[in-house]
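Trainee: Below, each chain spelled out in residue letters.
Number of protein chains: 2
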Amino acid sequence: MTEIAEKIRNGVNTEQMFGTLDAIKAQPELARFQFRATNRWIGGAHNRSTIKGFWGAGQEDTSREQTFTVDAGEPAVLLGFDTGPNPAEHLLHALAACLTTSLVYVAAARGVRLTEVESTLEGDMDVRGCLGLDDDYRNGFERIRVSFKVSGDAPEEKLREVVARAQKRSAVYDMVTNGVPVELEVAPCSVS
Amino acid sequence: MTEIAEKIRNGVNTEQMFGTLDAIKAQPELARFQFRATNRWIGGAHNRSTIKGFWGAGQEDTSREQTFTVDAGEPAVLLGFDTGPNPAEHLLHALAACLTTSLVYVAAARGVRLTEVESTLEGDMDVRGCLGLDDDYRNGFERIRVSFKVSGDAPEEKLREVVARAQKRSAVYDMVTNGVPVELEVAPCSVS
Numbered sequence: 001m002t003e004i005a006e007k008i009r010n011g012v013n014t015e016q017m018f019g020t021l022d023a024i025k026a027q028p029e030l031a032r033f034q035f036r037a038t039n040r041w042i043g044g045a046h047n048r049s050t051i052k053g054f055w056g057a058g059q060e061d062t063s064r065e066q067t068f069t070v071d072a073g074e075p076a077v078l079l080g081f082d083t084g085p086n087p088a089e090h091l092l093h094a095l096a097a098c099l100t101t102s103l104v105y106v107a108a109a110r111g112v113r114l115t116e117v118e119s120t121l122e123g124d125m126d127v128r129g130c131l132g133l134d135d136d137y138r139n140g141f142e143r144i145r146v147s148f149k150v151s152g153d154a155p156e157e158k159l160r161e162v163v164a165r166a167q168k169r170s171a172v173y174d175m176v177t178n179g180v181p182v183e184l185e186v187a188p189c190s191v192s
Numbered sequence: 001m002t003e004i005a006e007k008i009r010n011g012v013n014t015e016q017m018f019g020t021l022d023a024i025k026a027q028p029e030l031a032r033f034q035f036r037a038t039n040r041w042i043g044g045a046h047n048r049s050t051i052k053g054f055w056g057a058g059q060e061d062t063s064r065e066q067t068f069t070v071d072a073g074e075p076a077v078l079l080g081f082d083t084g085p086n087p088a089e090h091l092l093h094a095l096a097a098c099l100t101t102s103l104v105y106v107a108a109a110r111g112v113r114l115t116e117v118e119s120t121l122e123g124d125m126d127v128r129g130c131l132g133l134d135d136d137y138r139n140g141f142e143r144i145r146v147s148f149k150v151s152g153d154a155p156e157e158k159l160r161e162v163v164a165r166a167q168k169r170s171a172v173y174d175m176v177t178n179g180v181p182v183e184l185e186v187a188p189c190s191v192s
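The listed protein sequences correspond, in order, to chains E and F.
So the first sequence is numbered by the working numbering: it starts at 1 and just counts up by one.
So the second sequence is numbered by the working numbering: it starts at 1 and just counts up by one.
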């Protein structure tokens, strides 16, 4: 029982985690991943992404059995029918989720048992930017505030270190703070 | 019937759209929005965001009746149990959703009736970055490719213009390509 309890920490299999790190050190090409989403417009502000396949660890994944669907929408004041969180809210979720998972994995690796992780995120924007009314305002959030509550069986200083390390290594935190080059291509089809 | 058909284009109430633009021009403080998400760790790579309240158009919103929940996870190869798309996949969804909604709104404003909008997104990363194994690799995607299929009752050149305008004005496209300042604070609680 003790051995199992040691192996699984914060719901993470630390034996598998250290095995994965060793495997990538020995064979760095296993570190290449490609993630994907396909989105289809449904009507108005309502669209839906389907997410399943990805490339990673040297092969096209065959383990994921479920196709995930995620809906987006807009509230009434932004001309939608609340068919889902809006895209900017989805970005906040992506950021929160990545920081949280990074934090949980770092804690597992460092022997810290967590009991609670909660975060609230706020993003401020002036929609004169994205509406094209005033170029003094950017389209997206001017800033995002993230506030974490983290409880665990380690001194507060150690918990702060774990959060700092997660922030330093989170994939979405990197992308949201530093930006990513995006290539966009279009296949237009006139049906008139 | 014709009047209603003109007013609603691509599922967007264009009368409300132009009314919103006029209201913001007359009273620019209506343009301030704040969006939010609260995320809670469930176990391992599984966490869940709840999304409801926001500030916009001069007041705290009271129109949204539903609290949205969005789950995140990781596939087995990344130590999770597929409890949802992973955070990087959620970021792709946020980007796809925002470009699509921007495109649909721009088309509605410009009198273009769309019949189909579909996009596929791919993001490439080398996880040696986020795993802390090699600082030559960034934590997030090196690049994202977005491929749009857009059909509508306008010449191809016009459809291309609509996509270009959407790209220029999308909130999440701006954030993902240019980055956003993120402030992070932590309230650690030692329970040992």
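It cannot be assumed that every hint is accurate.
Since the list gives no way to pick one copy over another, a pair counts as held whenever it fits inside one copy or between any two copies.
[What the hints assert, rightly or not] Here are the simulated DMTMM-like pairs of lysine to aspartate or glutamate, each with C-alpha atoms no more than 25 Å apart in a straight line:
{"hint": "1", "residue 1": "Lys52", "residue 2": "Asp71"}
{"hint": "2", "residue 1": "Lys158", "residue 2": "Asp82"}
{"hint": "3", "residue 1": "Lys168", "residue 2": "Glu60"}
{"hint": "4", "residue 1": "Lys149", "residue 2": "Asp71"}
{"hint": "5", "residue 1": "Lys158", "residue 2": "Glu183"}
{"hint": "6", "residue 1": "Lys168", "residue 2": "Glu142"}
{"hint": "7", "residue 1": "Lys168", "residue 2": "Asp124"}
{"hint": "8", "residue 1": "Lys7", "residue 2": "Glu156"}
{"hint": "9", "residue 1": "Lys168", "residue 2": "Glu122"}
{"hint": "10", "residue 1": "Lys158", "residue 2": "Glu6"}
{"hint": "11", "residue 1": "Lys25", "residue 2": "Glu116"}
{"hint": "12", "residue 1": "Lys7", "residue 2": "Glu161"}
{"hint": "13", "residue 1": "Lys25", "residue 2": "Glu142"}
{"hint": "14", "residue 1": "Lys25", "residue 2": "Asp136"}
{"hint": "15", "residue 1": "Lys52", "residue 2": "Glu161"}
{"hint": "16", "residue 1": "Lys168", "residue 2": "Asp134"}
The set of hints was computed from the structure by calculation and includes no laboratory data.
Trainee: Look at each hint and say if it fits the structure.
Mentor: Each hint, compared with the structure:
1. When the C-alpha separation of Lys52 and Asp71 is checked against a cutoff of 25 Å, the pair qualifies both within a copy, at 15 Å, and between copies, at 14 Å.
2. Within a single copy, Lys158 and Asp82 get their C-alpha atoms no closer than 41 Å, and across copies no closer than 29 Å, so neither meets the 25 Å cut-off.
3. For the homomeric pair Lys168 and Glu60, neither the shortest alpha-carbon distance inside one copy (28 Å) nor that between copies (34 Å) is at most 25 Å.
4. For the homomeric pair Lys149 and Asp71, the shortest alpha-carbon distance between copies (19 Å) is at most 25 Å, but the shortest distance inside one copy (28 Å) is not.
5. For the homomeric pair Lys158 and Glu183, the shortest alpha-carbon distance between copies (20 Å) is at most 25 Å, but the shortest distance inside one copy (40 Å) is not.
6. Taking CA atoms no more than 25 Å apart as the test, Lys168 paired with Glu142 passes in both settings, with 21 Å inside one copy and 16 Å between copies.
7. In this assembly of identical chains, the alpha carbons of Lys168 and Asp124 lie at most 25 Å apart whether taken from the same copy (23 Å) or from different copies (19 Å).
8. For the identical chains of this complex, Lys7 and Glu156 are intra-copy neighbours only, at 24 Å inside a copy versus 58 Å across copies, given an alpha-carbon limit of 25 Å.
9. When the C-alpha separation of Lys168 and Glu122 is checked against a cutoff of 25 Å, the pair qualifies both within a copy, at 20 Å, and between copies, at 24 Å.
10. For a Cα distance limit of 25 Å, the shortest separation of Lys158 from Glu6 inside one copy, 19 Å, qualifies, whereas the shortest one across copies, 61 Å, does not.
11. Taking CA atoms no more than 25 Å apart as the test, Lys25 paired with Glu116 passes in neither setting, with 32 Å inside one copy and 45 Å between copies.
12. For the homomeric pair Lys7 and Glu161, the shortest alpha-carbon distance inside one copy (22 Å) is at most 25 Å, but the shortest distance between copies (55 Å) is not.
13. Taking the shortest alpha-carbon separations for Lys25 and Glu142, only the inter-copy value of 20 Å comes in at or below 25 Å, while the best intra-copy value is 39 Å.
14. In this assembly of identical chains, Lys25 and Asp136 lie within 25 Å of each other by CA distance solely across copies; the values are 14 Å between and 47 Å within a copy.
15. Proximity of Lys52 and Glu161 under a CA criterion of 25 Å is satisfied in neither setting, with 34 Å inside one chain copy and 31 Å between copies.
16. With identical chains, the CA atoms of Lys168 and Asp134 are at most 25 Å apart between copies only, with a shortest distance of 13 Å across copies and 35 Å within one.
Checked against the numbered hints given earlier, this structure breaks hints 2, 3, 11, 15; the rest are met.
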